[in-house]
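Asker: In case you want the letters, here they are:
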Amino acid sequence: MSDVSQDNDNERGKLFGGDFDIKRVLLEGRAFFALIAIIVIFSILSPVYFSTSNFLTMSSHVAIFGLLSLGMLLVILTGGIDLSVGSTLGLAGVFAGFLMQGVSFEILGVVFYPPVWVVVILTCGLGALVGAINGVLIAYFKVPAFVATLGLLYVARGIALLMTDGLTYNNLGGSPELGNTGFDWLGFNRLFGIPVGVLVLAAVAIACILLLARTPFGRWVYSTGGNARAAELSGVPVKRVQVLVYVLSGICAAIAGLVLSSQLTSAGPTAGTTYELTAIAGVVIGGAALTGGRGNVRGTLLGAFVIGFLSDGLVIIGVSSYWQTVFTGAVIILAVLLNSIQYSGRKKQQASSDGKTTSPQPESAATRSPASGSTAGKAGTQS
Amino acid sequence: MNEHATSQEGALGKVILSARNIAKSFGNVHALKAVNFDVHYGQVTTLFGENGAGKSTLMKILSGVMQPSSGEIVLEGEPVRFSSTTEAQRQGISIIHQELSLAPNLSVRDNVFMGREIVGKGGVDYAEEARQTRQLMEELDEPIDPLTPVEDLRLGQQQIVEIARALSVNSRILIMDEPTSALSASEVEVLFRVIRDLKSRGVSLVYISHHLEEALTITDHAVVLRDGRMTAYAARQEIDLEWIVRNMVGENFDLGSPPDGYAMGDAVLSIEGVTVPDASVPGRAVVDDVSLSVRAGEIVCIYGLMGAGRTELLESVAGRGNMAAGRVLLHGEDVSRLSIAERIEKGLVLVPEDRQRDGLVQTMSVGENLSLASIGAFTKGLLTSRGRERHVVRDSISNVHIKTDGAAASIGSLSGGNQQKVVIGKMMATHPRVVLLDEPSRGIDIGAKAEVFKLLSEGAAQQGLAVVFSTSEVGECLSIAHRIVVMSRGRIAAEFGADANKEEIMAASGEAVVA
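In order, the protein sequences belong to chains C and G.
This note's numbering applies: residue 23 is where the first sequence begins, and numbers increase by one.
This note's numbering applies: residue 13 is where the second sequence begins, and numbers increase by one.
Pulled out of the complex, with its shape left as it was, chain C reads as follows:
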C-alpha cells in the first residue's frame, strides 16, 4: 500500500515538480519552436507569408517531403538508412505516367487503360518491390544499408530514365471515354479546401503513429534499432522487421511519387532527385537518432514542416536559391548538434537519477560524495 502511494508521488513529482526545466523543454520541443520562429520571422518579413492560402500551398509542398520522411523514420528507427527514396519517387511517378498512357499488349493488339485506383495499387506495389529488394539485401545478405540503398538509388533512377528515354509524361488527366480520369485527385485537387496531398500525408502519419505506438510491429521496430541482439533473443523477428521497414519506406516513396506527379500533372524521370537527403534531414531535425531506437512521428512531421516552411519562406522573400541551400544546411547541422546535446544530457541525467534511486539511506556514503552531493544541492534550490 505504501509502495503504491509512493509511486504516485514520484510520478506527480516528475510531471509538475522539481524536474521541470526550461532548457529541457526548449531542447525537446526544438523542432516545434523552430517552426514557430520560422513562421513569425517570415510573417514579419513578408506580408503574403501569413495567410491560409500560403500555408496550404506550402503544406502541399511539405506533403512530399513528409511522406518520404515518415518512411525514412521507420527505417532510421531500426538503425538503417534508405537513400533510394528519391529515385523510387521518380520511378513511381514515371511508372504511373506510363500506366496512364495506356499499356499496349502487341500480341493481342489492344491497349489497356487501367483505372486510376489500379494505377495507384500497381505503383505502390512497385515501391514495395524496390523496398523489398533493399530489405532482403540488407537483412539476409548483410549488405550495409548505405551501400544497398545507394545502389538502388542509381538503379531506380536509371530505370526511370530508360522507361521514358529521359522525357516527361505530360498527359496524366486521362479521358472519360477510357474510364481513367481522376489522377488529379491524388494531389492536385482539394477536399474541403485542403490539398489532397496534405490529407494523404495526414492519413499516412496517423497510420504510422498507430503502427509505432500501438502494434507489436512498432515495438519491434524500436527494439531492433535499440539493440538488435537483445530483440532477437526476446523473440523479435529482426530480419523480417528490417525487410518490412524498407518495404514501407518504398511504399511511402511511391505514394509521394503519385502525389507529386498529380500536383504537377506530369511525371518526369528526374523528379525527386536528392529528396532522400531532405527526408533524412526532416527525420533528424525531428529528433530521431541515426543510430536507431529513438524518434517519433510527431517530431518527424515537425522536421518536414521546418524544412518546407523555411525553404518556401526564403523563396517568398526573394532570397537566392544558393543562399537557400546554405540555410537548409545550417539548420540540419544545428539540429544534429542539438540531438547530440540532448542524448548526452540524457545520459548524465540517468547517472544522476542513478545516484538518487540508489542511495535511499541518508547514511549511505554515496550521498556524501561530491558528485551526487552537488545534484542534491541543485534539486534543493529548485524546489
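A couple of the hints might just be wrong.
With a Cα cut of at most 30 angstroms, we get these calculated DSS-like pairs of lysine-lysine [said to hold, decoys possible]:
1) G:LYS392 with G:LYS358
2) G:LYS211 with G:LYS72
3) G:LYS358 with G:LYS211
4) C:LYS164 with G:LYS358
5) C:LYS261 with G:LYS45
6) G:LYS133 with G:LYS72
7) G:LYS45 with G:LYS392
8) C:LYS261 with G:LYS392
9) G:LYS358 with G:LYS45
Simulated from the structure, these hints should not be mistaken for lab results.
Position chain G against the provided structure of chain C, taking the given hints into account.
Answerer: What follows is chain G alone, placed relative to chain C:
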C-alpha cells in the same frame, strides 16, 4: 635479485606501486571496498578471485582506464592520479587486456608504433620503426618479421606483439589480464619464458588468471580478492593451491539449497549430441557432442571456466548460433530447426550472459523492456492493448521484485541487479517451461544474487519449471542446483549431485590441473 623471502613485504623486492584503500562503486554496487595492493619490483604478483570479485576493476584503476571512488595510488612513494591510460602509460604502467587491442589489418610494426609513429623528414620513418620492432621481437625471442600482418599471427604471437608494444613505451609495470585463457600449452610456455625474461630486466608484472596452478608456477606473490575485498596476501613460498581456493571461495553467503518436497516431472528438455563449431578456428568445436536431459522442476547448474563452451551451448539450445550436429527436444518434440521466436512460443527461453549487449534495449523504458518478449499476450487483433500491457508489466515488476521508479523509468537508472531482474522478468512473462540462464549472477551483488536464485528455486518448485543456469563461481553450484554438470573444453567433463564439494568440481573443470 633477492629470493630469500621471510616477511610479506619488503624483502622480496621493494614495492614499486601500491594501491591504498581503493574503493570503487557503480551506482549501489560496490565493486571494490578499501583494497590494498602492492606490486613488487621485478616480480610477478598474481591476483586471484572469482568472477565479480573485483580483479578487473582494480586493474582498470591501476592502469588509468577508470578512476577510484576513493583511495590513492602510490607510485615509488609518490601519490599519483591517472585520468587516462595514456597518463598511466607515461608513468610506465601498461595493461594487456584479455581481448587484445591490436589492429589485425596492420603489420606488427604499425601496431607496435600505433599512435606514436616516428616521424622523420619525409614523413613516417618506417625503416627506423621496423628496425626497433625487429630488435624488440628478438629480445623477446620471437623473431617475427615486422611487416607481417597481425591477422596472420597465432594468438600467442599476437600477445607477444602486445608485450612488445608495452615494452616500446618503456613500461616498468605490465598488467596482464587472463593472458593464457586462449593459448595452447606450448604458447603458454613461450609466454612464461617471456615473463621470466621481463622479470630479469626489472619489469614488474601483475597477472590475473583463472588457471590457478598455471599461475602458481609463474607468480612470486599472491593476492586474493573476494566480493571487492582483499581477503588474503602471501608470498609464493608460503602458499599452495588449497590456500588459494579456500580464500577465493570463502564462507559462502547462503544462496539457498535445492528445493525439495515435490515430485519432479518427466524430462522436458533433452539435448542430444549438440556440437557447435568454433567460428575462428576451423575444425575445432566449442561445444563438442554434449547431451543433457532436464526434468520439469529440476534445477541444473553448468559449471565451467571461461571458454569451456557454456555460453555457446545455451545459445545454440535457445536458437542462436550455428549448431553443426545434434538435436534439441522440448517435450519430446524436435525444435532444432525452429527460430528463437518459435522456441519462445514453445516455452524455451534464454536469459543471456551479457545483459547490456544481449538482454536490454537501452533506448526503451523498464516497462517496454519487460513486455518485449510477450507482446502477443496483450495484442488484440492488430493493436496492442495498453491496459493489458500495464497489467503484464506490473505483474512482472512485482513477481521478480524490481526496484524501480515505475514502468516508465529508463533502463539505465536501475542497478545491475535490477537490470538483471528485468531481463529475467521479461523472459518469465512469456510463461516458459524451460529457462536457460547464462551466468545470471554476473556483475550483481550478493543480495541480488540470492534473490535471483530464490526466484528460480520457487519457479522450479511451484510451477515445475526446468531451470538450467551456468556459472563460473563454484559457490553458486552448491546452492539451488539438484545436479551440477561440469564443462571443460566443450565437453561435459563430470556430473555431480547436490552433495558435491568445491574441490572436486573445480578439479573436474580443469581449473586446478596443470595444463
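Asker: Hint compliance check: list the failing hint numbers for this structure, sorted ascending.
Answerer: 3, 5, 6, 7 and 9
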